[in-house]
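Quick note, the sequences are listed as chains A and B, same order. Residue 569 is where the first sequence starts when you use our numbering, and the numbers rise one by one after that. Residue -1 is where the second sequence starts when you use our numbering, and the numbers rise one by one after that.
Hints in this document: simulated from the structure, not taken from any laboratory. Fair warning: there could be bad hints in the mix.
Said to hold, decoys possible - Some chain A residues well away from chain B (every beta-carbon gap over 12 Å; in silico): (1) Leu586; (2) Ala591; (3) Ser595; (4) Val598; (5) Val602; (6) Leu604; (7) Val614; (8) Pro622; (9) Gly623; (10) Val631; (11) Met669; (12) Trp671.
Unchecked claim - Derived coverage of chain B by chain A (criterion: at least 3 residues anywhere in the stretch with Cβ under 8 Å from a Cβ of chain A; other residues may be distant): (13) 32 to 44; (14) 539 to 545.
To be verified - Label-pair restraints from in silico Cβ distances: (15) B:Gly761 - A:Cys583: 46 to 52 Å; (16) B:Val798 - A:Met600: 30 to 36 Å; (17) A:Ala642 - B:Val793: 26 to 32 Å; (18) A:Val627 - B:Val798: 20 to 26 Å; (19) A:Val631 - B:Leu764: 56 to 62 Å.
For glycine and all other residues, C-beta sits at the position ideal for the given N, C-alpha and C.
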Amino acid sequence: MSPLAPLALSTFLFCTGLYGVMARRNSVLVLMSVELMLNAVNINLVAFQGLFYPGDINVSGQVLALFVIAVAAAEVGVGLAIVLNMFRNRASVNVDDVDLMRW
Amino acid sequence: MSSFLLLAAEGLEPFTGEPSALVRSSWIIVVLPLLSAAVIAAFGRLMPMKGAEVGIGTLAVMWVMALGVGWETFTNPVYFYENSLAWAPLGGGITLELGMLVDGLTGMMLVLVTTVSLMVHVYSREYMHGEERFTYFYAMLSLFTFSMLVLVLANNTLQGVVGWELVGLCSYLLIGFYWQEKSNADAANKAFLTTKFADVGLIVGVIILSSGVGSLGGEFAETPFNLTLTNQAAVAGALPEFAIVAGMLFIFLGCVAKSGQMPLHVWLPDAMAGPTPVSALIHAATMVTAGIFLIARLYPVLAQSLTVMNIVAVVGVITLFLGGLVALVQDDIKKVLAYSTVSQLGYMMAALGVGSYTAGVFHLFTHGFFKALLFLGSGSLIHAVHSNNMSDMGGLRKYMPHTFWTFVVGSLALAGFPLTAGFFSKDEVLVGAGIWSDNGLVMGDVVFWVGLAGALVTTFYMARAIFLIFFGEHRGAHHDEHGHDGHDGDDAHAPEPTTVVDEQGVERPVPAGGAGGGGDHHGDPHESGRQILVPLVALALLSFPVGFSGGFLWTNVGGSEAMNFETWTATEVIDHAQYPFLADYEPWGEVVDGEFVKPASDDHGGDGATGEGEEASAAPLASGVNAAPLAAAAEDGGVSNHVLHGAPTFHLEVFVPALLAFIIGVGGAFAIYGRGRPERDPTLHMGGFTTLLERKYYLDDIGYAAVVVPVRDHLARWTSDSSNDGRYAIDKLVAGVGTLTKRLSLSTYRTLDQKVIDGGVNGAALSAAWWSERLKRIQSGDVQRYAGALVAGTVVLVLVIAANA
């Protein structure tokens, strides 16, 4: 199997996520874009494991992908809590509205 | 006067044994009082006895050690021990030594200095009791003792000069102990300046003498200040004439001032402004004898020149007689003793000038004890009566019996009453003068007869003092509140020359005239306490044995020839020194290639003797150089060119006139003062002569007019004007330098400080502000912009890595 298909898919996913992080104003969407980028990485991990280390009985790439999923779930929990607090204080979830940490 | 037949002298065996550990460590005796002075000065105030216990304790240890050293030098005639460190190179191959020379003369001085100093330390505890600067006083006493011992143990002249100046300093500090009164401070200044003036002469003399020694090359050139080498060069006849005459005359100038010889004695009577224990220690027993000691140390050099010896003798004779006469008219008891000291120092100097080395040194020794006794006794009187003046005393025999009899013992010793110390030493001076006269030298006759007259004067003024103080009715009415001598009003006369011009002493207070008053409730004078009496009694008892050490054991009444004062203070060079100006002169040893070589015939002498055809060995004097000529000379009528005269003998022809002088003096004084009517004192009614004496031969006035006025009123004023008015060189120079410095600093401030340094600092701050104004905008607070920067950075990193891969 050629590595092209999974790499193309993960590149597409990563760029979509990057765009979302850089361009969206809604912080919930920004969080979701971050999830996209993480999943692009997961695809890479699983694909490289299968393509280049097929005999690895530890299946390290897939295990690492599982860890990423777990950490991403925790991260989303923290992120949504921040968004919730932001909304309570500012009545907005727009990332442009939180620029207190500036000069 | 050819009756002074010479005495058969044994050739003295020089000391060849090993010096004991005590002698080798006698430097400890010198260092101890310095330590004690430091400890007293630092911690004395905290101690229960305010430092006195340290001073007395140290002195006691030193005294025991000094007695040991003295005994060893006494029992081993012609003792010699020298040890020195190279202290500092002086350049030109000359080494400055720090060393000690222990011989009989040193041992004698050690015993004298430590004994008197111990007595004074003990005495001062009561005498100075309650003084504000009691601790300081003890520190100074210890420092003085240290200084004196530096001088005594010095093995070279420069070290001697160090000690000499230090004693001068201590003397200055202690004369001015009661400096709150101007007259006392003036007395201290006068003493310091007078002796310092002469010390310039001393240093010049030391330099001239050492240059003469150094010209001999070898070890002489290495350590030209060494006393042993100097004396050896002198007895070998190797010293240049100029070094002997000029060197000794300049050194003698220093000794004239230090040892109170006319006309530079003027400071000594004024020095009585200091506390009485100081007068006893410094201005009677020890420091003032430093000049005599130095001349005695260099006696072999002195003996090389008749001119110098005659000058020494003439100065001594003048001092002994004229100084004694002034004592006749003094009312202040301390002044009487001071002039008496001047007179006795004249005896010592005259003795050295007429070849009586032993007698001069012996008189120094005995005089130290009995004069200290007299001063301490006078202190006891002053302590009781609160006045220095004999016109305020009278009848004290009843009140102060112990002071009375100790004072009488001291006076008898001073007057030369038979079997007392002064009797032996003074008679020995006269005997020595007689021998000099036998040698055909006229100064011998002069010293003999003037010395005899001086003995009469001495007896008279001491008898006068005793009758005035202890007999008759008590006249004391005159109580000072403060009590001590330094506060006494009479001292106000002498120190400042301006007051000398006053009617000093011509109008004496009429004894019962009640000046002062208010003393009646003070009660009668009372005997002093134990701490004052113990030193008095001890010194009074010592007034006998110190005389016996030199004289009592006359050979013709069964005395010791092997051990007496002469053998004690003799050194090997003294033993062999001869007078070149007398017949049969034979230099002892010679200087070969800068080394002193003892004659080969001298069997106990040097192993290094080369014996290159010494005539001495061929001569019939083979049994030791000095034994035979003495004996031979004695046979053919008594010419001796030897310094030592052999063990002392009894001379009836000296004893009788001296005793007569004593009886006449006492008898005369009794006839005049014995009935207790001092107001009819004939010494005060001799017209012009009395005035002359009371004005002290106008020496103070002459000194005032010739030195003080020109210096103070002209030289000092001119120097001051030239610097203060801004008209002359010094001020101009100072002002110019000041202006220049000011300008330079102003321009430095404007350019360097304001522009360069301040500009740099301000510029750094400004540029930081400018940059931060621009750079702060990067921190926008916009998270997405940060994410963009993060991505851009990652891209750049990836590109860089990819390009390098």
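A:Gly623 and chain B, when compared Cβ to Cβ, separated by more than 12 Å | A:Gly623 clear of chain B: closest Cβ-Cβ about 27 Å, beyond 12 Å.
Status of A:Ser595, Cβ more than 12 Å from any chain B Cβ | Check fails; 9 Å does not lie beyond 12 Å.
Could you tell me whether the CB distance from A:Ala642 to B:Val793 stays inside 26 to 32 Å?
-> The hint (26 to 32 Å, Cβ to Cβ) holds, given that A:Ala642 and B:Val793 are roughly 29 Å apart.
A:Met669: least C-beta distance to chain B exceeds 12 Å?
-> violated, 5 Å
Could you check that no beta carbon of chain B comes within 12 Å of the beta carbon of A:Leu604?
-> Holds, since 14 Å exceeds 12 Å.
When you take the CB atoms of A:Val631 and B:Leu764, is the distance between them in 56 to 62 Å?
-> Hint holds: Cβ distance 59 Å, inside 56 to 62 Å.
Just checking, A:Val614 versus chain B, shortest CB gap more than 12 Å?
-> holds, 22 Å
With 12 Å as the threshold, tell me whether A:Val631 passes as away from chain B on beta-carbon distances.
-> Non-interface label on A:Val631 holds, nearest chain B Cβ at 26 Å vs cutoff 12 Å.
Just checking, A:Val598 versus chain B, shortest CB gap more than 12 Å?
-> A:Val598 is in fact no farther than 12 Å from some Cβ atom of chain B, at 8 Å.
Okay, the stretch 539 to 545 of chain B and chain A, do three or more residues pass the C-beta test at under 8 Å?
-> violated (count 0)
Can you let me know if the beta-carbon spacing of A:Val627 and B:Val798 is within 20 to 26 Å?
-> Given about 34 Å between the Cβ atoms, the range is violated.
Just double-check A:Val602 for me: nearest Cβ-Cβ distance to chain B has to come out over 12 Å.
-> violated, 10 Å
Violation of the numbered hints given earlier is confined to hints 1, 2, 3, 4, 5, 11, 12, 13, 14 and 18; the remaining hints are satisfied by the structure.
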